[in-house]
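*Asks:* One letter stands for each residue in the lines below.
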Amino acid sequence: KNQVEQSPQSLIILEGKNCTLQCNYTVSPFSNLRWYKQDTGRGPVSLTIMTFSENTKSNGRYTATLDADTKQSSLHITASQLSDSASYICVVSLRMKTSYDKVIFGPGTSLSVIP
Amino acid sequence: DTGVSQNPRHKITKRGQNVTFRCDPISEHNRLYWYRQTLGQGPEFLTYFQNEAQLEKSRLLSDRFSAERPKGSFSTLEIQRTEQGDSAMYLCASSLALDGQDSNQPQHFGDGTRLSIL
Numbered sequence: 001k002n003q004v005e006q007s008p009q010s011l012i013i014l015e016g017k018n019c020t021l022q023c024n025y026t027v028s029p030f031s032n033l034r035w036y037k038q039d040t041g042r043g044p045v046s047l048t049i050m051t052f053s054e055n056t057k058s059n060g061r062y063t064a065t066l067d068a069d070t071k072q073s074s075l076h077i078t079a080s081q082l083s084d085s086a087s088y089i090c091v092v093s094l095r096m097k098t099s100y101d102k103v104i105f106g107p108g109t110s111l112s113v114i115p
Numbered sequence: 116d117t118g119v120s121q122n123p124r125h126k127i128t129k130r131g132q133n134v135t136f137r138c139d140p141i142s143e144h145n146r147l148y149w150y151r152q153t154l155g156q157g158p159e160f161l162t163y164f165q166n167e168a169q170l171e172k173s174r175l176l177s178d179r180f181s182a183e184r185p186k187g188s189f190s191t192l193e194i195q196r197t198e199q200g201d202s203a204m205y206l207c208a209s210s211l212a213l214d215g216q217d218s219n220q221p222q223h224f225g226d227g228t229r230l231s232i233l
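In order, the protein sequences belong to chains A and B. Anchor point for the first sequence: position 50 equals 50 in the working numbering, and the numbering is continuous, going up by one each time. Anchor point for the second sequence: position 37 equals 152 in the working numbering, and the numbering is continuous, going up by one each time.
Bound conformation, chain B alone:
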């Protein structure tokens, strides 16, 4: 399967613990996005990378959240000191930017990591 892969699919943890999610994008895609989705809502943008550079972060991304894409390939999203409100589906997407623009290139999504905070 050459689609976007996310691990783990589900994560259950106690409040206050740290968690880390991994996203493996489509190999030739240079852009990678993280989103958060709660039940009955559309995805909300968190951050995005162009290759290894993190170019934009949403205000939703508090200082407890950190994302990396060290070699411009896979990415990790870490949440420190988790809170009940962090319970959500965390989606990763990737796209191929051509000539600096990706507006007409669809974002390909993974199936997400569902985080449940006890």
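Pulled out of the complex, with its shape left as it was, chain A reads as follows:
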């Protein structure tokens, strides 16, 4: 079964600290993996996208890694800010025979950054 799991479910960190969020997937055939940030009451916003051949991608203080062999990804947030408080969703796309890649969303990790 194609699934995307994320850990931890929720996380509380102090402002200025670093943190790492995990994503494990059982998706085949793999097309790409994205991380989205979703603020409360808002739609998700894309942070990074990685294909099979990419193992790291950075976007400012966000760095995503991908190990396609173990089917694991992580999102590292450096020097956290209060505005980083949000849900972080891992999204994996399956390569379909049609032109549409099926997209599977993880349940998200809820991050709270406190002063």
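Have a look at the derived ranges for each label pair, beta carbon to beta carbon: (1) A:Asn55 x B:Ser181: 38 to 46 Å; (2) A:Thr70 x B:Ser188: 37 to 45 Å; (3) B:Asn166 x A:Gly41: 28 to 36 Å; (4) A:Arg95 x B:Arg174: 19 to 27 Å; (5) B:Gly131 x A:Asn18: 44 to 52 Å; (6) A:Ile114 x B:Ser188: 39 to 47 Å; (7) A:Thr51 x B:Arg130: 43 to 51 Å; (8) B:Lys172 x A:Lys1: 13 to 21 Å; (9) B:Ser231 x A:Gly16: 35 to 43 Å; (10) B:Glu198 x A:Gly16: 40 to 48 Å; (11) B:Ser173 x A:Arg95: 17 to 25 Å.
Below, computed lysine-lysine pairings styled on PhoX-like, alpha-carbon distance capped at 25 Å: (12) A:Lys57 x A:Lys17; (13) A:Lys102 x A:Lys1; (14) B:Lys172 x A:Lys102; (15) A:Lys71 x A:Lys57; (16) B:Lys186 x B:Lys172; (17) B:Lys172 x A:Lys1.
Treat the hints as calculated values from the structure; they're not laboratory data. Glycine residues also receive a C-beta, built at the ideal position from the N, C-alpha and C atoms.
Starting from the known structure of chain A, fit chain B onto it as the hints suggest.
*Replies:* Leaving out everything else, chain B in the frame of chain A:
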């Protein structure tokens, strides 16, 4: 603002009523998606359009749900005879498919319509 726009932002209605949501995608995007999201969960795929054609529907999309994209621009999602279980956030997203593939093109999401069934 040239992002994805959804209306209304909130909808409260009584069980059994019909509701309709509207999504205006980014103008040059040819693909449009509808998702449903419940509290603490990631979005679940409902359906998607390539221009005006509805190409895929999830099993979640019961016969009470219907989506249209009549001119390949905006889209509507209608729920008939609403039930308590329909309470959720309904998200719309759009993307630009190049050469028939959109796998590396991010989906741009609207801020959703939150539906509450009394």
